[in-house]
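*Asks:* The residues making up each chain are set out below.
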Amino acid sequence: MSEFKFIFTGTPGAGKTTAIGAISDQPPVVTDASTTDDLKETKDVTTVAMDFGEITLDEGVKVHLYGTPGQERFRFMWDIIVKGGLGLIILLDHSRANPIEDLDIYLDNFSGFIEETGAVIGITRMDVESLNELDLEDYYTHLEGRGLALPVIPTDVRDRDEVLMLLDSLMAMLEYN
Amino acid sequence: MSTKIKFSDSAKTFIEDKINDMFDMCGDIYGAVISSVDGHLVLDVVKRELPVKKISAMTSSLMALGETVSKESDQGNCQYVSVINENGRVMVLRVGDSLTLTTLSTQDSNLGMVLSASTKATADIAEALQQN
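Top to bottom, those sequences are chains A and B. Residue 33 in our numbering sits at position 33 of the first sequence, with consecutive numbering throughout. Residue 8 in our numbering sits at position 8 of the second sequence, with consecutive numbering throughout.
Only chain A is shown next, with the shape it has when bound in the complex (with noise of 0.2 angstroms):
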């Protein structure tokens, strides 16, 4: 039976956690940590080493899912976390004042697993107020502009169906490369 390992990772409080949990086969292993910064006026915990979970697909593809924690200062579990990994799935934050710039960051720090493997982006919170007027094509003129062409896909984290289609977006992308 085959076995992949696919990374999610993403600004703080795009739903990392959330999207493991939505389509992990059973509850995910999670390493919160209660907030003490300013990300606690949104979320009372946060993810501090990394999820784990597991999705089994149709064809009996084994899939393991890990989220790394969004802060930078958890870099170094980055490089640990992608060892291995067969693909990276970039969540962002659309409400939040800079999503492009927080974007780069995810693109500058992966970019070597990124070229040797593949990633897709979902955009989530689309339907909250946002800081800032951008939609999803100036997502793409972006990555046309730092010479990539990834997909880009609006996403409820915490439907099932929409985060298994940033895994398919991802699996068809590695396929095709």
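These are computed hints drawn from the structure, not numbers from a lab. Just so you know, not all the hints are guaranteed correct.
Said to hold, decoys possible - Taking beta-carbon pairs under 10 angstroms as the criterion, some of the chain B residues facing chain A (in silico): (1) Lys4; (2) Leu50; (3) Lys53; (4) Ser56; (5) Leu65; (6) Glu72; (7) Val83.
Note that the structure is a prediction, hence the values are computed from the model and not measured. Beta carbons: idealized from backbone N, C-alpha and C, even for Gly.
Model the placement of chain B on the given structure of chain A, informed by the hints.
*Replies:* This is chain B only, laid out in the frame that chain A set:
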């Protein structure tokens, strides 16, 4: 972004005193770092140069992993996490709900003494913070 946990000057002095007591009790401990559970540096007392901000983030991950392993193994609460290395030891303990204490000691240190001194320090600090 930084933690909103701040100590008053008197609390800071008290904690530093308790850390120095810990150094006196176990001379092989050369560094103590107090961090928030989400990985921010709150206070440090070190006898040699150390990347204390990085240590804060890393030890919060370590503690969370220890607690998760303990929970998944059905072994109750995690009391401390220790890393035994070629050139020293790192020990991470909870201080109340929001903080951790990380002690760094030499490779010659007696693990029992390090644990005993660190545990006493965390209890003293937690009690003082509760009273504040």
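*Asks:* Now, for every hint given, state plainly whether the structure supports it.
*Replies:* Checked hints:
1. Of the supplied interface hints, the one on B/Lys4 holds, with its beta-carbon coming within about 6 angstroms of a beta-carbon of chain A, less than 10 angstroms.
2. Given the 10 angstroms rule on beta carbons, the hint for B/Leu50 is violated: about 15 angstroms separates it from the nearest Cβ of chain A.
3. Taking 10 angstroms as the C-beta cut-off, the interface hint given for B/Lys53 holds, the closest approach to chain A being about 7 angstroms.
4. A distance limit of 10 angstroms between C-beta atoms decides the matter here; for B/Ser56 the minimum to chain A is near 8 angstroms, and the interface restraint holds.
5. Contact between B/Leu65 and chain A, as hinted, is supported at the beta carbon level, the nearest pair being about 5 angstroms apart and thus within 10 angstroms.
6. For B/Glu72, the interface hint holds, since its Cβ comes within 10 angstroms of a Cβ in chain A; the closest pair sits about 6 angstroms apart.
7. The criterion of a C-beta within 10 angstroms of any C-beta in chain A is not met by B/Val83, whose closest approach is roughly 14 angstroms, and the hint is violated.
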